[in-house]
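Fit chain B to the given chain A structure using the hints.
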Amino acid sequence: MAGSAARAQDVALARAAALGDREAFERIVHLHGHGMLRYARRLVSDPGDAEEAVQDAFVAAWRSLERFRGDSALRTWLFGLTSHKAVDLARRRRPQPVDDELAAARPAGPASDPWEQAGAAELARELDRALAELPYRQRACWLLVELEGLSQAEVAQVLRIGPDAVRGQLFRARRALEERMARWRP
Amino acid sequence: MATMSTPDGEGALARATRAMQAEPEPGWPDLAERVSRRLRTVSRPGRPLTLQVGDAGTLRVDQRVVVDTVRRAVAQVPGCRPVGVDVRAQEQQVTSLRLQVWAGYGRDVRAVAAAARAAAVDSLQDVLARRVPVDVDVVDVEGV
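Sequences listed follow chains A and B, in order. To convert, note that position 129 of the first sequence is 131 in our numbering; the numbers rise steadily by one, no gaps. To convert, note that position 38 of the second sequence is 39 in our numbering; the numbers rise steadily by one, no gaps.
Keep in mind the hints are simulated off the structure, nothing from the lab. It cannot be assumed that every hint is accurate.
Which residues of chain B face chain A? A few of them, derived with a C-beta cut under 10 Å, are [to be verified]:
{"id": "1", "residue": "Arg41"}
{"id": "2", "residue": "Pro46"}
{"id": "3", "residue": "Leu52"}
{"id": "4", "residue": "Gln53"}
What the simulated footprint calls covered on chain A by chain B, stretch by stretch (three residues with Cβ under 8 Å from a Cβ of chain B suffice, anywhere in the stretch; the number is not a length) [to be verified]:
{"id": "5", "stretch": "128-140"}
{"id": "6", "stretch": "153-162"}
Think of the CB as a built atom: it goes at the ideal place given N, C-alpha and C, for glycine as much as any other residue.
Here chain A stands alone, though its shape is the one from the complex (with noise of 0.2 Å):
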């Protein structure tokens, strides 16, 4: 669906949903939900967190959806309720490191052969790995512009970072995914 008629029809299933339609918020959930897991299972390593984060920002989002006004896009607004559930998940198991300099302290692991199993899922999988070495904004940002599509405007309001901010954290974000990335060429 393109990107206008998709946006009114969320924001038709969200009014329908305001008033306690639980049909359109079904379908709100199932609109939105794979891309909610996805963005959360690399948010946090724990993919029982992953799944509570998202069941957690859908119960918050039926709870206060009178309050959702239409300001932003539902999709950016059910984020933004997927990171806050993240965080405050991944806060109570462990520290959690917010700052970019993890990731430079990690060391790069050995070069593999690049070609021989770079299928589609193997390379999916290094992805994987590369995002994991990112700290958090880095990766939140790196996930939610070129995974989910949303705008650096939508993920600053995701985050509740400034857009200046957004930008940097991408663009630190794709040079090292690039570098990390780099190792598959042949």
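Chain B alone, transformed into the frame defined by chain A:
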């Protein structure tokens, strides 16, 4: 820094990103089911209303019940989608209701508004056993 490319010229990062986007999330079907089950147990905080139900006495009801009743009734009107229901109450009594709807593209907007109002008034009468004034705003037109 050089961008590394696959033999077909596409960057490894771009290719990996596409691969990641195309992959299903293995836990999603089960999680979707759990989310649905959980949501069925979650209620929203509402506003209590004490309704005078004709001569039958009073009835305590959450405002959401009134909103949901009206929403369901108005949603049955062809070419009409309810997008806002504002219950106005004084001393916990419903005094009026403001309804916002989207009308289907090409529909007679006034006819849609009249039908929506009638549906809302009738549904309120079923709940409250009296007629309540309803204002209708057609706030947008869409392909309902």
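For each hint, the structure was consulted:
1. Arg41: holds, 8 Å
2. Pro46: At about 7 Å, which falls below the 10 Å cut-off, the nearest Cβ of chain A leaves the hint on proline 46 of chain B intact, so it holds.
3. Leu52: At about 18 Å, which exceeds the 10 Å cut-off, the nearest Cβ of chain A leaves the hint on leucine 52 of chain B violated.
4. Gln53: At 23 Å from the nearest chain A Cβ, glutamine 53 of chain B fails the 10 Å test, so the hint is violated.
5. 128-140: holds (count 3)
6. 153-162: n = 0 at 8 Å, threshold three: violated.
Violated hints, in rising order: 3, 4, 6; the structure is consistent with all others.
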